[in-house]
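Residue numbers (the working numbering), protein chains in the order written: chain A, 1228 to 1660; chain B, 1228 to 1660.
The set of hints was computed from the structure by calculation and includes no laboratory data.
Beta carbons are placed, not taken as given, at the ideal position from N, Cα and C, and that holds for glycine.
Hints should not be assumed to be uniformly reliable.
Not close to chain B: a few residues of chain A, all C-beta gaps over 10 Å, as computed [to be verified]: (1) 1407; (2) 1462; (3) 1470; (4) 1494; (5) 1556.
In silico DSSO-like pairs for lysine-lysine, Cα to Cα no more than 27 Å straight-line [as the list claims (entries may be wrong)]: (6) 1363/A with 1508/B; (7) 1280/A with 1280/B; (8) 1640/B with 1363/A.
2 protein chains.
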Amino acid sequence: MPPPTAIVISIGEELLEGRIQDTNASTFAAELLLRGFHVVAMHTVGDGPGELKELLQSLQNKVDVILTTGGLGPTEDDRVRQEVAALLGVELVSVGVDGAVDFLHEVFARFQPGPAPDFFLAQALIPAGATPLSNKVGTAWGFHCTLGQRTELYVLPGPPRECAACFFYGGATEDLALRFGHQAHQLAHAVLHTTGAAESVIEKPIRAYLRPGENPRLGITASANGVCLSLLARAEPSGRSAGEILEARIADLQQQLHPFCWGRDADTLASVVVRSLASAKQTLALAESCTGGLLAGAITDVSGSSSVFTHGWVTYANRAKVDQLGVDDALLEGPHAVGAVSEEVALQMAQGARQRAGSDWGVGITGIAGPGGGTEEKPVGMVYVALVGPGGQEEVRQLRQYARGGRDFIRRKTVCDALDMLRHAMAGISQTK
Amino acid sequence: MPPPTAIVISIGEELLEGRIQDTNASTFAAELLLRGFHVVAMHTVGDGPGELKELLQSLQNKVDVILTTGGLGPTEDDRVRQEVAALLGVELVSVGVDGAVDFLHEVFARFQPGPAPDFFLAQALIPAGATPLSNKVGTAWGFHCTLGQRTELYVLPGPPRECAACFFYGGATEDLALRFGHQAHQLAHAVLHTTGAAESVIEKPIRAYLRPGENPRLGITASANGVCLSLLARAEPSGRSAGEILEARIADLQQQLHPFCWGRDADTLASVVVRSLASAKQTLALAESCTGGLLAGAITDVSGSSSVFTHGWVTYANRAKVDQLGVDDALLEGPHAVGAVSEEVALQMAQGARQRAGSDWGVGITGIAGPGGGTEEKPVGMVYVALVGPGGQEEVRQLRQYARGGRDFIRRKTVCDALDMLRHAMAGISQTK
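In isolation and in its complexed conformation, chain A is listed as follows (with noise of 0.2 Å):
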């Protein structure tokens, strides 16, 4: 039996305008996919009269699920509940819970005083015969209604935070699996994160594995960080669990994908190094200098970083290598200056930050960001990143960014670099690019 389809609407002149990135669209579209939809589109709308009437009415009868998320506040351009009880040919009424109006009368007079006027209460209705949705963390209410013979409708507000908590939290999520949840429970999803390599060098290995009716079903993607792998098992007739093939076939990947292959799912490179250094009981001290404190930012997002990750120095001129990290002057200026994008000028950093913390590892960063700045010698994109560890371990590479990437490009890839080499070192996997 094909899976039930869904579409997912995202309603706002802001969006057609593009003054804002619409998230909301591939966050339900990859949670619809978990619950075993086959998403056939994604469409966007205005607010203007009769539109999003008009779309529904051409859609309702042809999908099972739509999803739609914006258009429910409380200014003149927020239509949706009339423009679904339009369709429907009903009138909007009161979501009937107890202290929903008092809620928002109390609400509008943080504001201001007096009592909440009628655009204001609209927040509270759906229309006639329409389920409520609850939003713990808005105004808005949202509800649920069929339309025609059997399109289940979900409107959702349209800030994300508000999107989430009504989809999850507010009900949407219950009566989808009381509808369709007999097909959820076969699937089973993962991402698999690789750096280093090229998405051709990692698709040669498992090739087999991306052939159409594989199961998983296997997606790459590839970005400035790395390339990740999509896996979507389903369930067997045989009787493996969805699970089950996952997981084996995430074992395999792991293997063939071996040292790419960093992590899974909601794992960051900053996460997977944080957690090598916490089990092994070793501390990381930063110095960096063109990633200006990007490098200490990625580490310390890591909540409980504060165990391995303990002092950090954004030695930004060339006088505060010298004089908080011990660089030797004469590198930097003199006859025999080599300037500090070098590898010497690294390397004096790492040794410098790690002596000065009293850490286990090191690490220097000192590049050209650009977009000024390069010469014909040192071009913009040439960074330097030293490693020092415990076991004597001393690593200097030269990394040549892609220049045209831009200055936010090269700083981030190089925080990427640096992570994937601190990772092989704890791994003691020797690099090789």
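Starting from the structure of chain A, add chain B where the hints point.
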């Protein structure tokens, strides 16, 4: 005369599965808006046979412009050129540009010896009668053709860099200008940025400008960093140019929204702060704990920041605060300790950084980013930001960041608040909140 209408279509299963966040649609919607188009909808469809053809068929003669992205690559899924050719009832033919096929052979040879196979060479095929759109940063050609009587179709590759190259430099913008250009020069667009006031506060003094039909049209968008105003001005029949109308309204808004409004268009809070420091020939040193280097990362994101920023410390451990910045040990441990998250420690961090760097300004940040580490007295989200300056300025603020926003939100909001404090201090504006 109403503006010409446009629709943006994004193509790919990876979008419908939520594996990739589509950024092309909003980018090109904004570009079309600036060229005088009314974007009436955005659609995302898969790469199954017939899907795109059916959608294009339903739209042709109903809109003036359709822009598609994706589905032009060298794999089996990339069927867009076939779909369009089928709709037009024509064959696929070579782009007819000298060297186009040789180039594909050359690129293919980098990965694998021998001549390129047909599926790879297909990237230089377009429907007969279509005009090729060149792609200087990738291998797939885009193209333009007319559907039905009046719908101009621009077919572009999916990777954002390639899509942009094809649109801006491959012939699409010139073709749009030739066909619809009379509209575009009558428009002018700008974005104003504010921080420190809620949407309702920003809206109050400028409500009259938000009315439908106002010129410039004004849109408000709230995000974690503040409230943005988006303005779109149209030339008036009286002869006032769009630019004049836009700048007059901007001057007015900047006055109304002082001191919240800090920049326009590509400005960032960090770039505004760096610019102020540079024009005052002053320097800045940073001492960060809970933000872990993100503030330094934001400052050094600004090209040219090296003239104003020399030293940063990420003193994540108490020990680092003491040994690197000279924070008084007794504040952190012992009978009179106030703890690392305190007004006193933030201030000593700022002072220590300023003194050691020999800079004009010093900032110290310490707080609880969570999810762990909160207490009743010092809950997750409590942050102290201290600022010391060259004129004896000394200011410590306690921030209560929205804890449910999560660790990342708390850290990023703190960076934004610290930059705003710096901006106010540089401008000598007293901040009320």
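Hints, verified against the model:
For residue 1407/A, the requirement that its beta carbon stay farther than 10 Å from each beta carbon of chain B is met, with the minimum near 17 Å. No Cβ of chain B comes within 10 Å of the Cβ of residue 1462/A; the nearest lies about 19 Å off, and the non-interface call holds. At the 10 Å boundary, the C-beta of residue 1470/A stays outside the reach of chain B, the nearest C-beta of that chain being 19 Å off. The beta carbon of residue 1494/A is kept farther than 10 Å from every beta carbon of chain B, the shortest such distance being approximately 16 Å.
No beta-carbon of chain B comes within 10 Å of the beta-carbon of residue 1556/A; the shortest separation is about 16 Å. Taken as a hint, the residue 1363/A and residue 1508/B pair is broken in the structure, with Cα atoms around 49 Å apart against an allowance of 27 Å. With a C-alpha separation of about 24 Å, the suggested pair residue 1280/A and residue 1280/B falls inside the 27 Å cut-off, and the hint holds. Straight-line distance between C-alpha atoms of residue 1640/B and residue 1363/A comes to about 22 Å, which keeps the hinted pair within the 27 Å bound.
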